[in-house]
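If you want our numbering, it's the position in the sequence shown, counting the first as 1, plus 759.
Please keep in mind that the hints were generated in silico from the structure rather than gathered at the bench. Cβ atoms here follow ideal geometry from the backbone N, Cα and C, with glycine treated the same way. Warning: the hint list may mix true and false statements.
Label-pair distances were calculated between CB atoms; the ranges are [as the list claims (entries may be wrong)]:
no.: 1; residue 1: ASP841; residue 2: PHE939; range: 54 to 62 Å
no.: 2; residue 1: VAL938; residue 2: ILE914; range: 12 to 20 Å
no.: 3; residue 1: ALA995; residue 2: GLY972; range: 15 to 23 Å
no.: 4; residue 1: GLN959; residue 2: ASN983; range: 20 to 28 Å
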Amino acid sequence: MRKVIVISCLVTLCAGLSLLGCSDDEPAPNDAGDATDSTQSQDNSQSTDVQPDIDCSTAGCAAIPLCSVGCTAVCGCCSCSDGESTDEFGTPHVCVGGCWAPSSDAGEQGDMAMESDVTSSDAESDFTMSEDSSSDDAVAGDALADAFIQSCDEISATDCFSNYDCDAEEVCNNQGSEVFPVACCVPGTRGDGEAGDNCQVENDCETAVCIEGVCSDTCESVENCPENMPTCAPIAFSGSDDDWCFPEAE
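Using the sequences plus the hints, can you model the full thing?
Right, here's the structure in full:
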């Protein structure tokens, strides 16, 4: 009688525990609910990854094939070189602007790119030609400057101020530029203009000294100068120790 009571109590206790969820078996999953949750999660992921109005065949950062897992970026970050072609998409594709595009689209884009390149090239050519012309002018100017000497030593000649400083068969002539004159004794024919005669260049005068359009000569006093040259004075910074006749100041 006592055993029957104990067994009865055990049965009652187990039944109560079963109602409270104490069974060792885990509850069966809700397949329908889980599938719905998974679908919603996938949809959310796709809505996050996939951007509207983007063609996944020509966009994405993945290597061939592009966009293996959704669109992640607009065309431009593909690892291809312009003009490169491939059939790995199932149809011919050509790389344009760093992105794979169908051959037909690529042709149109290529034509536009070519037109743009031609226009750009023309502009660059014009600019380059203009720049080259400026460069040529600069080079010509430099060459012209280089044509003048800066010292008589460069032509194995001696410095001079007038023909008095040179040998009889030589003439004192500027071998430098007008900005930086370098007078040297060089072979040449001397002028015959005397003091008081008009001159345009030094070589018009027998002394090779032309002051304000008038040939000059050395003097010890004004009595040694012609009437139109009433002054006898040294020429500053000339290197000459002599005094020279000067015309009237205008």
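Requested in this report: Look at the Cβ atoms of GLN959 and ASN983 and judge whether their distance stays inside 20 to 28 Å.
Outcome: Holds - the Cβ-Cβ distance for GLN959 and ASN983, about 24 Å, lies within 20 to 28 Å.
Report task. Confirm or reject the claim that VAL938 and ILE914 have a C-beta distance inside 12 to 20 Å. Result -> The hint (12 to 20 Å, Cβ to Cβ) holds, given that VAL938 and ILE914 are roughly 19 Å apart.
Requested in this report: Just tell me: holds or violated, for the beta carbon distance of ASP841 and PHE939 against 54 to 62 Å?
Outcome: Taking Cβ atoms as reference, ASP841 and PHE939 lie about 55 Å apart, which means the hint holds.
**Report entry** Range hint compliance [Cβ, ALA995 to GLY972, 15 to 23 Å]
**Finding:** 19 Å, holds
When the structure is compared with the earlier hints, no violation turns up for any of them.
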